[in-house]
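2 protein chains.
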Amino acid sequence: MAEERPLVLVTCTAPVNIAVIKYWGKRDNDLILPINSSLSVTLHQDQLKTTTTAAASRDFTEDRLWLNGEEADVGHPRVQACLREVRRLARKRRGGSAEDTAPLSLSYKIHIATENNFPTAAGLASSAAGYACLVSALARLYGVEGELSEVARRGSGSACRSMMGGFVQWQRGERLDGRDSLAHQVAPEMHWPELRVLILVVSGEKKQVGSTAGMQTSVDTSPLLKHRAEVVVPERLALMMRHIRERDFEGFGQLTMQDSNQFHATCLDTFPPIFYLNDLSRHIIALAHRFNTHHGHTKVAYTFDAGPNAVIFTLADTVAEFVEVVRHSFPPATNGDQFVRGLPVGVASLPEELLTAVVTEPVPGAVRYILHTKPGPGPQLVDDPSQHLLGADGLPRCRA
Amino acid sequence: MAEERPLVLVTCTAPVNIAVIKYWGKRDNDLILPINSSLSVTLHQDQLKTTTTAAASRDFTEDRLWLNGEEADVGHPRVQACLREVRRLARKRRGGSAEDTAPLSLSYKIHIATENNFPTAAGLASSAAGYACLVSALARLYGVEGELSEVARRGSGSACRSMMGGFVQWQRGERLDGRDSLAHQVAPEMHWPELRVLILVVSGEKKQVGSTAGMQTSVDTSPLLKHRAEVVVPERLALMMRHIRERDFEGFGQLTMQDSNQFHATCLDTFPPIFYLNDLSRHIIALAHRFNTHHGHTKVAYTFDAGPNAVIFTLADTVAEFVEVVRHSFPPATNGDQFVRGLPVGVASLPEELLTAVVTEPVPGAVRYILHTKPGPGPQLVDDPSQHLLGADGLPRCRA
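Line order of the protein sequences matches chains U and A.
Going left to right, the first sequence walks through residues 1 to 400 as full-length UniProt numbering numbers them.
Going left to right, the second sequence walks through residues 1 to 400 as full-length UniProt numbering numbers them.
Careful: at least some of the hints might be erroneous.
What the hints assert, rightly or not - The list that follows gives simulated cross-link-like pairs (lysine-lysine, BS3-like), each with its CA atoms no further than 27 Å apart:
{"hint": "1", "chain 1": "U", "residue 1": "K109", "chain 2": "U", "residue 2": "K92"}
{"hint": "2", "chain 1": "A", "residue 1": "K26", "chain 2": "A", "residue 2": "K226"}
{"hint": "3", "chain 1": "U", "residue 1": "K226", "chain 2": "U", "residue 2": "K26"}
{"hint": "4", "chain 1": "U", "residue 1": "K299", "chain 2": "U", "residue 2": "K374"}
{"hint": "5", "chain 1": "A", "residue 1": "K299", "chain 2": "A", "residue 2": "K374"}
{"hint": "6", "chain 1": "A", "residue 1": "K92", "chain 2": "A", "residue 2": "K109"}
{"hint": "7", "chain 1": "A", "residue 1": "K109", "chain 2": "U", "residue 2": "K226"}
{"hint": "8", "chain 1": "U", "residue 1": "K226", "chain 2": "A", "residue 2": "K374"}
{"hint": "9", "chain 1": "U", "residue 1": "K26", "chain 2": "A", "residue 2": "K226"}
Keep in mind the hints are simulated off the structure, nothing from the lab.
Sequences are here, hints too, so could you generate the full structure?
Listed below in structure tokens is the structure:
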């Protein structure tokens, strides 16, 4: 980083995560401190990732931000909070001197470009990956290392869990300043090699109530949410960690479903009530229970966030069969090309008695496609300069 | 009741009730003791009632029961529990002597016929009215007076609340034998003359999980239900009684909606989850909130039981307008004849700005009809012998 280099570019990728013990409700809106701890599985970036390039140059005249090629408001308070926090850490690292003598001046303006490899409209929690990626890229740019989940949390609560791979806990913390509200890895992504994730991307229906507004209303009005945060979650968190440690799918799956249901129950207990589950979600839930009942134990487990897509956890040996069950239950509207995406899925033929017991009242076209993925690692630095989203001029590259 | 009379006939009617603080969960399945107190509004029998004729004769060779003209199983444990309890009270009243010397012997076999003036399939809690009516008729037959809610409770928990008119509390009670788990009138039906009830009878969809099985699963699996019963309901009950005493529709309506939502939240927190609300229920809930928001205060309040129909509480001056809103939101499939039933509804024309703000995405045919009713009295003795459901031969009369 010699002075003659006019432009410094860093590109990172970051993953999506899916909570199995849900986060819903803040005890501090500004610092984004949760009312309860949560636990998630980081998904593999081969299927779902955000890529962010951050660039700094003394030639830039203002901070700028592009999301999926469109210029966006860099002044967004959460973007600014992340930027401010990374710069604060950089300043601290540089000895806290008021004099800024490092090659990459903290006073340089920055350009940021970010892109998802999945449609934002698909309702796949893009803000967690987005802020995790932003913070990772900025930290690399400024040479900041170490604990960054606290910074990512300032962008979006669940983003702190995308700062690590595998199984990640976001600890509620006790301090008012939030310094102990951090993410920790419970187990790395290779801990449970058979674990698989199927995302059922459903058709239509926009999110009705945004999660920031929704959780605030829940905190203000739901007596059940308060009880969940104070009493239920601490017990469940300990239990979930044990299930993960022991790779106990029966326990993991059941608790995942129960916690998803309880999160949506607290939404319903909110006033006015918030509904993220619809008749199709009910259909998928009932299908999963019929499938498990037919097999006599928990082979698939659903979880739903603040949107209509269903996420199914299962083990590798069940993927082909369950995908076939979904195909029969929600026959693809078109010829079925691209109905299954992501990791390869084997062929399964369904026994007649399984079809009869499990596939009732098919709903054609209700599921747009299934994305097959698995647990994956945390944010990655992209070494290949051809992958930068910003060109030598510091502006977004035209990408095919 | 001289000995020469071969047949003694008694006919009673009994009302349906709608809980505003919901009952869900038993602490004793046999005695039907609830985990929390509940509170309901008794609906007027001009619109919804069960009629039951009980007859005793020394000529009857066996106990028999007819429901809506079809013979049914008189050996049903809950029917038998009611019969046994009424006879026990009669025996006690007659001095507990082993010798049965009263004109109507307790050893005579009985015939019972019962009918609803509304379709059972409409999902309007018929068991509460049914058991309240059975117990009322049997008590009259045997000359038993006084506290009968305990007996009705043995037929169906919520039946005890149909033993009184107006606003009725079913107290949880503390005793293991259930002797203090009784219904009490909080206020008579004329206490709040402006209060009105609109039942939106919706199309299709049978109840998926019966309430007896459902509430048992909830007690066994929902941590939120336990908290609701122990902590939330006692507070809400006191508050609801105050709202009723003060005829405070704002408070009454809001708490009614909140408690309905919380009941359904505990169903969702049950494992496997139970869903009684569907997309149409969500539609009606959202409509009610938009209507209230438009008016700037609570003018209508929804409540849903373990079935798909919506019950709306409102005041007399709002009925015509809200019915018109429902007609616009769920345009009747046919020409709209009989779309509104029960008490007369005035004509209202909706201001354009109300229509724009409140009626979004109409769903034709989703509501079959609206039944307009109001709070009403408890069980009634029918004096007119032409109204008996059993003829002089002790068998069901053919009715037009």
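Going through the hints against the structure:
A hinted pair counts as satisfied when its Cα atoms are at most 27 Å apart, and K109/U with K92/U qualifies at roughly 19 Å. Of the pairs offered as hints, the one joining K26/A and K226/A holds, with about 11 Å between alpha carbons and a cut-off of 27 Å not exceeded. About 11 Å separates the Cα atoms of K226/U and K26/U, which keeps this hinted pair within 27 Å; it holds. Between K299/U and K374/U the alpha-carbon distance is near 16 Å, which keeps this suggested pair within the 27 Å criterion.
Taking the CA atoms of K299/A and K374/A, the gap is about 16 Å. The hint holds against a cut of 27 Å. The suggested pairing of K92/A with K109/A holds, with an alpha-carbon distance near 19 Å, which does not exceed 27 Å. Distance restraint check for K109/A and K226/U: the Cα-Cα separation of roughly 55 Å exceeds the 27 Å cut-off, and the hinted pair is therefore not satisfied. Between K226/U and K374/A the alpha-carbon distance is near 36 Å, which puts this suggested pair outside the 27 Å criterion.
Restraint check: the Cα-Cα separation between K26/U and K226/A comes to about 24 Å, which is no more than 27 Å; the hinted pair holds.
Violation of the numbered hints given earlier is confined to hints 7 and 8; the remaining hints are satisfied by the structure.
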